[in-house]
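Student: Residue numbers (my numbering), protein chains in the order written: chain A, 24 to 190; chain B, 270 to 381; chain C, 163 to 395; chain D, 29 to 148; chain E, 1136 to 1628; chain F, 58 to 141; chain G, 2 to 633.
No lab work stands behind these hints, which were simulated from the structure alone. Even for Gly, the Cβ is constructed at its ideal location relative to N, Cα and C. Each hint should be verified, as a subset may be incorrect.
Stretches of chain A that chain C covers, calculated by requiring three or more beta carbons in the stretch to come under 8 Å of a beta carbon on chain C [what the hints assert, rightly or not]:
| no. | segment |
| --- | --- |
| 1 | 26-32 |
| 2 | 52-65 |
| 3 | 86-97 |
| 4 | 131-138 |
Some chain E residues near chain G, calculated using beta-carbon distances under 10 Å [claimed, not checked]:
| no. | residue |
| --- | --- |
| 5 | I1139 |
| 6 | P1361 |
| 7 | G1518 |
| 8 | L1557 |
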Amino acid sequence: MTAGNVSKYVYTAIILFLLWIVLTSTFFWEEILAGLVLSAMVAAMGYSLFTDKGLGNFSPKRLAYFLVYIPVFLWDVIKANLDVAYRVLSPKMPIKPGIVEIHTDLKSDIAKLGLANSITLTPGTLTLDIDDDRLFIHWIYVRTTDIKEASEEIGGKFERYMKVIFE
Amino acid sequence: MIYYMAAAFLIAIGIYALMLKKNMIKMVIGLSLMDSGVNLLLISLGYINGGTAPILLNGVKPQEVVDPLPQALVLTNVVIGVSVTALALSVIIRVYKHYKTLNSDKVRDMKW
Amino acid sequence: MIKKSIALILIAILFVAIFFTLANDLPFGDNRTTTGVSDKYIYHGVNDTGASNLVTAIVVNYRGFDTLGEVTVLFVAATGVGAVLYNMGRPAGKKRKKTEASLIVRTGSRILFPMMLLFGAYIFVHGHLTPGGGFQGGAVIATAFLFKYVSDTRYHIDHNKFTATESVVGMTFALVGIMGLLLTGYFLFNFLPNGSPGELLSAGIIPIIYVAIGIKVGAELTGILDNMMEVEQ
Amino acid sequence: MNFYTVLEYIGMFLVFVGALFLFLGALGIFRLPDVYNRLQAGTKATTLGAFGAIIGIGLMRPEWLPKAILIAVFILMTNPISSHALARASYRRGIKLWDRSVVDRYGPYLREKEEKEGKR
Amino acid sequence: MVNIDPTLMIGIPLFMGFLIPSVAIVWKNSPRYLAGFTILFNLIASTLLLIRSLNAPVISVLGGWQPPYGIVFVAGPLGSMLALLISSMTMLTWFYLPPHIKEGNETKFYMLFILLMAGATGMVLTGDLFNLFVFTEITSIASFSLLAYSRGKDEKEAVEATIKYMIIGSLSSAFFLIGIALLYGATGTLNMADLASKIPSANHNLVMMALAMIITGLGIEAEMFPLNGWTPDAYTGATHPVSVMFASVVVKAGFFALIRVVFLIFGAATEALQILMIFGLLTLFVGESSALRQTDLKRMLAYSSIGQMGLLLVAFSLNNQTALVGGLYAMLNHAIAKGLLFMAAGSFIFALGTRDISALNGMGKRMPVTSALFTIGAFSIMGLPFFGGFISKIVIIAGSMQAGTEGMLVAILILSASLIELVYFLRVVHRIWMREPEDDSRLKEAPFTQMFPMIVLAAFVFLMGIYPQAFFKVLIPAAQELLRGLGTMIGGA
Amino acid sequence: MTFWIVCSGIVLVAVFLATVRAIAGPTVSDRLVAVDALTTITVALMVILGFIYGREIYLDVALVYAVLAFMGVLIVARYMEGGL
Amino acid sequence: MDYTAFIRPEYVLMLLFAGALITYFAGKYSSMARYSLSLLFSGLALLMVALLYGKNTLSVWTPSITPNGISMYVGTNPLTWFFAIILASLSFLTIMYSIPIMKGKRMENWFYTLTLLLMGSMLGVVFSSDLLSFFIFWEMMTLSSYLLVTLAGKRSDKAALNYMILSTMGAYSMLTGITMLYVHFGTTEFSLLSAQIPGTPVNFLWLSLGLVAVGFLVKSAALPFYVWAAPAYSEAPDGFTPLFSGALSKLGAYGLFLFMYVIVGMSALIGMGSFRGVSSFGYAIALLGSITAFIATLYAIREDDIKRLLAYSSVSQVGYILMGLGIGTSLSVAGSLYHALNHALFKTVLFMGAGAIIQLTGTRKMSEMGGLATRMPITFLTMLISIFSLAAIPMTSGFGSKWLIYEAAINKGFVFIAPLAFVASVGSFLYSFRLLQAVFLGQLPDGLKDAKDPSLLVTIPMIALTSITVLFAIVPGVPLGAIASAESYMGIQPIQVDSLFYFRIGNSFGAYNALVVMTILLFAMLVAMIMFAFAGSKSKKVDQHDTYLSGEIYEHHSDLGLHYAANFYRPIERMFEPYLRLRLERTYDAFGRGYELLSEGIRRVYSGDVQTYVYYVIGFLGMLIILAGWWW
Ligand code: NA
Ligand code: NA
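Chain A extracted, bound-state conformation (with noise of 0.2 Å):
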């Protein structure tokens, strides 16, 4: 076992077991002890995919950018969702739909699936697919059809966050 195997191991169990602590909001020695044991377990099967950095995952930087992301993009989120409810609640449905293409910077798979899932939740987007550094985006309003242009428009906030959390 490689040393970057036993960092995701780690890094695995470690999250695995935060997310038992969660589950079972208790402290009990018991549901500790059998948190411990069923995270090294679940971390046993699935580790080698879970995380490509392991412990590096934990570092401050990517911590607090992660933790500075997070109010971000729910003030984000809401803002469009006021804009999709304004679309959806008029009686003209103003809208102007269509599929871009916008490009990307990132390289881990993990990020880009970030940047994705940010931009799917983010209304007015919906990741269509993704290949390699090109993704395809269903908007709602399309205001742009240049591919630079589109992209810093629809990721371009997001993936500089990406970029630092998960590269």
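Take the given structure of chain A and dock chains B, C, D, E, F and G with the ligands to it, following the hints.
Tutor: Same frame as chain A, but now just chains B, C, D, E, F and G with the ligands:
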């Protein structure tokens, strides 16, 4: 009462699928529907007005809970239903391989 | 047409019969008989078995034998699916001729898979405390594996490992039953202390059985999925 | 007005907003013209709605909060995945865009890819 | 004397069922021997159980919860006898298996095989209605799987039969469960003895509705007309040893379940008995008449089985001791003789490559031993003297005569059906011995391992014909048990 | 109490609208979109009901339901694009 | 050592069953062993049966075999012995006769095994002293005789199957009746049963006795069950037919004697209703017997096939036996028993002779035979005497028995039975004459120029039986003595037998003195023969094909039906043609075919479509639900 109605309705729908749908997958779905109906029937049998789930934690009193036995039976029956459905679908895969159809009318080499 | 009307008449008869029998003779909401057995479960279940979840108390303890039977049903069905679909799969090592899943789904499965496994484990470990149980937990575990299949056309399980796991947990369940017989003269007798209700290590043999069932069901359902996924159209 | 009461009111607010968004999402699904647009509404608004409602309940019952967050986060992680999968599958299955859609970059890409694979 | 707890007859097969696949990974041929060992265990256990239960019913409380709160196993003479029948027929079929199951996954076959036995054993021993449902499902699902096992030439028919059987079988289990639910709603209990004591005071409508559901549900398993559409296909499509298991084990357990529910729970409700009587007679005639015109050997045997099940239904619904003893005797005889017939037919078909009856011309010269064994089975089913079927026939007739004028009519109908049966079996036997074969070559007889079970069965057919007292020793208490009802046996709680 | 009635009422209207789409279609995808939304709504509703009845166990149910529903939609989607 | 300890009926049966088994295995390897063993076993059995004369035994031969602890009994008594000795001797002689006749035939080894088995089961039927063993042996007898018929190969298939089906039908009817008796009285042993009979409801007796009688009437080939007989007798292997017709056909009569007179008893029988002092039940039997005798005679007259002719003759003669049996007077019962004996003697000889001739000529058509009298003198002579006996020509024992039966019928003034019997008797004279004429007289066909008598193994049994026929004609007291004791066993007033040579039955009407009648008739015959001898030179010899050709000589075209024998009794046939066309066989065939057709329809219920089955299930449940609402 609506539960009884729903249970009877599910059973009836299941039988409807069995009697009038030629597609064998739909027939199997009909069986599953019937099964759900039966499960619902069992659950509703054990209900008491104002009853709650029979888990005696957080100060729930025995008088307040619904009859746990039908629920236990349903748990068992659900698994049985899943098993049968899985097996039926696998068999249908093989039927399809040989007959190239799922129409029950056509799958009748053996008769009389 | 005649066929359809006959069908509809029969269905109507059945519907009316079932519904009105229930409605008239088992008035909804107040038919928990006091002469029946359930009062025993409701009033003494927690003391008898140590499980706060009375359904669990019944499923694993009072009527544990049904559950053993139910595990067997699933086992038989899984074996049956294997036997039915035997030799219908793709040749070893060949990938299924199917559209690949997108990167999003694939990557999603990488992250969610271990989490779902842990959910499953959580559910069957707490079976005696929550509405979950071995089957539900097992189903979640199988769902995790299903996610794998759905997101990766090359995915396949290690049959030997699964078989061995299934065997061990299955035998554990049977052995717990036989141990009860040997120790007390009753098959499936709860020979462990009940502990205090509500805690993880309570309810005697129930958690052991539920863990066994959980793993078994998970493996079993996964086996069924594997068999079905491997079928070459 | 103690801390818990405040939390409870915040929670109630969140639940109410959540419910509203659930309604908006459903309305979007009901009203919008094609699968893709409906997905837009369905994913976003309902996810946010559910998120709000669940967190809101968590705030009203703080001992449930961890589990509530877990559920909410799970929804947040899975809903975009399933929506994406649905959209992709719909497109590949040939479900057309709304006829007043303005641009389609995905169709040409798919044809191009098919040709490449066909050559191989 | 060693006592083996009846629950182990379920526990051990389950344990072994779980064990077999793992051991098979390292030792490929182990499933056969492990299965054989398991069956042997059950055989020994059921023999001991039968001996014990003749003195007093053996009651095994599962999990230590006294009835009606827990599940009980109640092994009276009747249940134990059936358990013994099941394990011994499974054992004999085990000998017969090898060449017939080569095409598929043998490990899985053996797992299903012992689980089928366990399921059927559970069906006859359990004293709890819902548990009966669970075991019925185990048995059914194992049967479905074994039925679909055929590969090669018969595969197409096997899967067709399986899907039919599955659809009808699942329908039956749904109705059975509705019946159970209604009974639970009416009485609040699932223990059979407890039910028996509570039903008289329970809501009559509910009980009757439950009865209708249960008769429909279990009638399918018991091959009652018109619920038996699946039967001929299943017998025909199954690989030969599985047909044997169907005729000798599965249907017997299903039939027993039906009878037990009607007799024990409903205290031999006269309405139910009338229904069983009428449909028993119909089953008898439809089965025998359909067999009359068959050109397919296995299908003919299948219809004959249906007819025999009808006979059993009639015998049991006569509801007097003589008829019950006769019915039980017929049940045993049919299990043994029809098992023998299916085995011999399997050997014929295996050697000839066709199920066509006309191919049997002159088989007496080409496969003399198998032909002789087939003939013995046929004679027993036909009810010729010195074979088991004779005794069962005359005892059933005697029983029906006790039922007054209607009984007389029943006797005449039974005998008329018996005449039809005689005709078509005679035609086959006649072909085998009296016709000249088209191809005079000797065919290879089955190997001794396969011959052995057939010879044992033939010996039993004879034994039943010439020394019936041995069997009456068990059957008379068994019939009395049925007549008495379970209610008085373990008295509710 | 009024609050819960109002909230439930809003959610029920949502359920109704989504159900209409689920029945009306017109394509399988449309129905599936509606079902997907319905499952999300249901999860939220379960949590709310758990609060109303004061039983934490509803949360466990909701979690399992969320997992299974997600997989359900995903499977159908993959099936539609020929990925199974 | 006291050998008499072994002279018990159960040992006879064991000997024969073991013998059958031994013969089968030994016979597989050596034909000599097969012949000698079967002769040995049957001979030994015959000897033991003979030594049983005058004994009365009853013993349990099995432990209880039913749930209620029924045991099985065998025993012997005068009635039993009378039938047993006939059966045993015929069996023995038939085996002897079969050795040359069956040589090299299909499944020869099985023939001997089955014959021994049949002998055992026939003796079992008469020895059994309870209902159950009676029925078991009866079934065994049916089965082994069925198998013997099928030995003839494919041509006998249909006949054998019909025989089996009808027999089984009869047996099941019998079983129903037997079970009624058992369930009503709680015992199966004959003497215990008969002790309980008085006071039994009449309806019950009618029903049970009627059901039982059906079985016997089938075996006796009485109306309306005779349809199996002609094909089965004629298609059976030649070695088996004599036994089949001579011995086996008597068991129906035995069964009737047993149930009517031994078990139910005369008084209870009369109690069931009577007609001119004869029990109604018996009258019905007698009536059936007489009609059977009449109709079968008509068929026999038409037959060209020698075995079929004899077969119909058997049916007709058994009809006489039933007639006497049914009337139930001292005279008629004696006649019936006596006729059973006579028929066994002469019909066996006739079938043996026919078998020998068929083997020789390779045909069963009488129209292809002729002129064999000189080539086969022994066969001719034995058959001639038997034919006389069959035709009841005075001076033969056949005359005596028929005379007794007529007299009984006339005595009772049965205006229907007596004339029928008389006409039948005339008929039997007609076909006997045809047989005689067609086979032995006239010209010899070209193929048969070097025909000669069969081997000693064939002729010895024929001579032996013929000698007995002749002997009993002279000393009727010997058989009648045995008959008288059988009658007294049955509770019927026995006929008086004064001495071996002379008997006289006193009654209100008159007396029959065998010696006197015989002497007178013998004298008349002599006169006739002398007249024929004198006139012989004046008679013209006519070719057998000369019937319709006005003396013009044609080539022999027997296939044109121009042979003398082909339309021998054309005028009589023409008379009955319309009635004979309504053959009962057609009805049975139509029923059989109809049922098969019905079955073909019934099995369409299994349509193969699972959905249909779902309809059945739901329909069934719907019906139950409706019933549940309606009945309950
Ligand atoms: Na649980
Ligand atoms: Na979702």
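Student: Can the segment 52-65 of chain A be counted as covered by chain C under the rule of three residues or more with Cβ-Cβ separation shorter than 8 Å?
Tutor: holds (count 7)
Student: Are at least 3 residues of the segment 26-32 of chain A within less than 8 Å of chain C when you compare beta carbons?
Tutor: Our answer is that it is violated, as 0 residues pass the Cβ test (under 8 Å) against chain C, missing three.
Student: Holds or violated: is the Cβ of E:L1557 closer than 10 Å to a Cβ in chain G?
Tutor: holds, 5 Å
Student: Would you say the segment 86-97 of chain A counts as covered by chain C, given the rule of at least 3 residues with C-beta under 8 Å?
Tutor: violated (count 0)
Student: Let's test the interface hint: is any C-beta of chain G closer than 10 Å to that of E:G1518?
Tutor: With Cβ-Cβ at 9 Å, under 10 Å, it holds.
Student: Regarding the hint that E:I1139 lies at the interface with chain G, is the smallest CB-CB distance below 10 Å?
Tutor: Violated - the Cβ of E:I1139 stays beyond 10 Å from chain G, reaching only about 29 Å at its closest.
Student: Return the status of the interface hint for E:P1361: holds when the least beta-carbon distance to chain G is below 10 Å, violated otherwise.
Tutor: holds, 4 Å
Student: Count residues of the segment 131-138 of chain A with a Cβ under 8 Å from any Cβ of chain C, then say if the count reaches three.
Tutor: holds (count 4)
Hints 1, 3, 5 from the list above are not met by this structure, while the remaining hints are.
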